[in-house]
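As a plain string of letters, each chain reads:
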Amino acid sequence: MFALKLINITKRFPGVIANDHISLEIYPGEIFTILGENGAGKTTLMNIIFGIYTPDEGEIYVYGKKVFFKSPKDAYKYGIAMVSQTPKLIKSMSVLENIILGLKEAGIILPIKKIRKKVEEIIERYGLHINLDAKVWQLSASEQKRVEILKALIRGARILILDEPTTSLSPIEKRRLFEFMRRMKEEGNTILFITHKLSEALEVSDRIAVLRKGKLVGVVNKDEATPDMLTMMMFGKRIAGFNGKEETERKETVLIIKDLFVKNDMGEIALKGISLEVKAGEILGIAGVAGNGQKELIEVLMGIRRAEKGEILFRINGKVEEITNLKPKKRLSLGFGIIPEDRIKHGIAPDLSVAENLIIRYYDRRPFSNWILLNRDYIMEWAKRMIEKYKIATPSPEKTAKFLSGGNIQRIIIARELDSFRRFIIAAYPTFGLDVESTRFVRNKLLEQRNKGAAIILISEDLDEILELSDRIAVIYEGEIKGIFDAKEVDVEEIAKLMIGGAN
Amino acid sequence: MRIILQKKEEEDEFYIYMRPLISLTISIIILGILLIPYGVNPVELIISLFIEPFLTLYGITNIFLRTIPLLLCGIGLIIAFKARLWNIGAEGQLLMGAVAATWVALFLIPNGSPFIVIPLMYILGFLFGGLWALLPAYLKAKWQVNEVLTTLMMNYIAMQIVYYLIFGPWRGKKVYNYPITDIFPESAQLPVISARYPIHYTTLILALISALGVYFLLTRTKIGYELKTYGSNPEMAKVYGISPMKVILFSMFLSGGLAGIAGVGEVAGIHHMLRYPDKISSGYGYTAILVAWLANLNPITAILSSLLLGLLITGTRFLQTTHQIPFGIVKVIIGLMLLSLAATELFLRYRIRIIKEG
Chain A
1 MFALKLINIT KRFPGVIAND HISLEIYPGE IFTILGENGA GKTTLMNIIF
51 GIYTPDEGEI YVYGKKVFFK SPKDAYKYGI AMVSQTPKLI KSMSVLENII
101 LGLKEAGIIL PIKKIRKKVE EIIERYGLHI NLDAKVWQLS ASEQKRVEIL
151 KALIRGARIL ILDEPTTSLS PIEKRRLFEF MRRMKEEGNT ILFITHKLSE
201 ALEVSDRIAV LRKGKLVGVV NKDEATPDML TMMMFGKRIA GFNGKEETER
251 KETVLIIKDL FVKNDMGEIA LKGISLEVKA GEILGIAGVA GNGQKELIEV
301 LMGIRRAEKG EILFRINGKV EEITNLKPKK RLSLGFGIIP EDRIKHGIAP
351 DLSVAENLII RYYDRRPFSN WILLNRDYIM EWAKRMIEKY KIATPSPEKT
401 AKFLSGGNIQ RIIIARELDS FRRFIIAAYP TFGLDVESTR FVRNKLLEQR
451 NKGAAIILIS EDLDEILELS DRIAVIYEGE IKGIFDAKEV DVEEIAKLMI
501 GGAN
Chain B
1001 MRIILQKKEE EDEFYIYMRP LISLTISIII LGILLIPYGV NPVELIISLF
1051 IEPFLTLYGI TNIFLRTIPL LLCGIGLIIA FKARLWNIGA EGQLLMGAVA
1101 ATWVALFLIP NGSPFIVIPL MYILGFLFGG LWALLPAYLK AKWQVNEVLT
1151 TLMMNYIAMQ IVYYLIFGPW RGKKVYNYPI TDIFPESAQL PVISARYPIH
1201 YTTLILALIS ALGVYFLLTR TKIGYELKTY GSNPEMAKVY GISPMKVILF
1251 SMFLSGGLAG IAGVGEVAGI HHMLRYPDKI SSGYGYTAIL VAWLANLNPI
1301 TAILSSLLLG LLITGTRFLQ TTHQIPFGIV KVIIGLMLLS LAATELFLRY
1351 RIRIIKEG
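Going line by line, the protein sequences match chains A and B. In terms of the working numbering, the first sequence has 137 at position 137, counting the first letter as 1, and numbering is strictly consecutive. For the working numbering, count along the second sequence from 1 and bump the result up by 1000.
Simulated from the structure, these hints should not be mistaken for laboratory data. Warning: the hint list may mix true and false statements.
As the list claims (entries may be wrong) - Here are the simulated DSBU-like cross-link-like pairs (lysine-lysine), alpha carbons at most 30 Å apart as the crow flies:
#	chain 1	residue 1	chain 2	residue 2
1	B	Lys1331	A	Lys402
2	A	Lys330	B	Lys1142
3	A	Lys399	B	Lys1238
4	A	Lys295	B	Lys1279
5	B	Lys1238	A	Lys258
6	A	Lys174	A	Lys272
7	A	Lys391	B	Lys1008
8	A	Lys384	B	Lys1142
9	A	Lys295	A	Lys279
10	B	Lys1007	A	Lys402
Bear in mind that the values here come from a model prediction, so they are computed numbers and not experimental data.
All chains, full assembly: derive it from the sequences and hints.
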């Protein structure tokens, strides 16, 4: 009998089919890995199994019994639990309190001692050591993950879904996690392990299923799988880009990153001594799966995250100046253009009007304002021009920005950042979530800037986009640059393999 | 059948303007039900609250006298709220304005010309109120200390200062040992429209000018733009070089200053002395929070919302005399309105849809 059987699971979201007729059969007592690029549909599929989404089509069987989950509560009843990518814990409460929360045994009077003993037994059995009285906010990312696992185990999970559990774990922590997974499996439980890292998939799985663009490409036994074969399955056959891009003369180096170390929000080193150079008139693509240091790279370039070590140099009028920890505003006046990673967080003031969002870069200079007043007439006229030129779909410049679609918000950002020539541009996931037309529009704007001589760093997890736009491609993996390639003579498979940590 | 919430795709302007009226209606209905055991007929309730105040000189005057401090504090709060700074301290800032006015009137220039004394009272009232707000503002800007707590605590400190002054150094010599100061000299009493309508119109004019001024500030000036941007998205403000320190200090100072002017109006325009804090203010600083939100944070519509609350407070006075309902019921009304305003916020962005399932 199968622990879990999926038949033709299909889930559609507006504009995409996230899961397209996926059928899988998973045995009790195996570690079953689901491998795929970001956006391949892995998390959607897990959310369906766990009852967060209901499938549009298809059937799910758990230990031979057909189930229909309305919520994770139903999934728990069948012994299915999920540890999601981002911990869902209450930070101000202790570990034990978080574990107890929502537990069936917790009646009106909490049998704390009993539960505590039970939790301690589980900790002992699986080696998931943690201080039960620590507050969650004091814990590191990996400890929080352990709490999530404990939560699942005390609820009697027999099928455990681990959604990219290794993100931000150190090698030792990773090894411990794998030991735990094997332990679970030996006891006859099933583990669904989601990852986009080849090495992990090959190390711990019994079988590996590969998803690509919502479809199941195939299922292979670990013993039969090779890195090349899995890479091929994950990425398909892709052709290196350079689709008739205009040749530009690559002139002087505009931006130099030297041996840069940057910490992430958890205080862990996220960029481990990277060095890069971008020349005028070129697009340097940074290929990589999200979470490998891109966020920190973007933010240190924007000037909103401090560098621990190393330096960033910028060429201004022939002189090279250090700008490592220069304020963001100063960078803008040096000619930086910023398409931020998180357009809602850094790119738009949702309660302000479209016009007010368009002028944020310019509001404190003439003719937009004098020393005290805004020049309303000029601003309105200018905003109308931008709305027309960049085809921002809004009935009026005074409309509140939060009611615009993601594509139109991105157009606002492009309009204010790329309307005039910039010496250096950070373009982070510039077409993420955009429709075909907006995507083409944004890419053309970037190419226009490049042709005029801008130096551009393009960060994207869409390998096709990187291949299409870049002149050179650097691959980032776990905070390090794993290789830099000329886009004209690039080996796509090599890049894909480096992205998922598959080489060397 | 299922009831679901569906996200609105467009800004629902009609609902934005209707929401205060809906909240008002809901609160009055609930109040009507609550007062039935007291033998108050709902129709009489509405008459007492909304009509009776207009029928007497006392009523009309009272509406305006209460509108003035509500409007000033309300506009001040709008500035802070626009910058997403939750200033709960208008009450204390108002009291500090009252202290400043008393100091000018009784101690700084007790025999001055009204042309000097009155402007100076307003200016120092503004400064005291502003400085009182500046301390929590600085703590917020420098160390991210939660301003809700600090501004609220500053209210109690301000109250204690007033108590100290009226029981201690400022206790009047001609007041038979009551805990109040001496009466202000005539030069420090604000002019009123007439003996029949004792409305200190200078403060009213200042309040109306402030409403227009703050509207202008928020829509036409650079600092107003920075303040709104910071309030809407502080992360983005940082990227584009807007200084949080500047925005926080500026908006809190202005916010407190306007409440300070309200305090000047209360002591120099009505009481002509410093006295118990609850006599000076009766919670205007807190009620002004409702004024600001009812106005949808627009300083011009705040004129209407402060009038409405001035009317409600006055109406409650009438309720008290005609039906022996304790005046404390005013807090119930304000509480109900705040609650229903908060409850109806959901529908700014969502609409209810009922789906019939087969």
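Now for the hints, and whether the structure bears them out:
A C-alpha spacing of about 35 Å is found between Lys1331(B) and Lys402(A), which places the hinted pair above 30 Å, so the restraint is violated. About 22 Å separates the Cα atoms of Lys330(A) and Lys1142(B), which keeps this hinted pair within 30 Å; it holds. Between the alpha carbons of Lys399(A) and Lys1238(B) the distance comes to roughly 23 Å, so the proposed pair stays at or under 30 Å and holds. A distance of roughly 56 Å separates the Cα atoms of Lys295(A) and Lys1279(B); the hinted pair therefore is violated under the 30 Å criterion.
Among the hinted pairs, Lys1238(B) with Lys258(A) is consistent with the structure: their alpha-carbon atoms are about 25 Å apart, no more than 30 Å. The suggested pairing of Lys174(A) with Lys272(A) holds, with an alpha-carbon distance near 19 Å, which does not exceed 30 Å. For the proposed pair Lys391(A) and Lys1008(B), the alpha carbon gap of about 23 Å is at most 30 Å, so the pair holds. For the proposed pair Lys384(A) and Lys1142(B), the alpha carbon gap of about 39 Å is over 30 Å, so the pair is violated.
Restraint check: the Cα-Cα separation between Lys295(A) and Lys279(A) comes to about 22 Å, which is no more than 30 Å; the hinted pair holds. The straight-line distance between the Cα atoms of Lys1007(B) and Lys402(A) is roughly 13 Å, inside the 30 Å bound, and the hint therefore holds.
Going down the numbered hints, you'll see the structure goes against 1, 4, 8, while the others check out.
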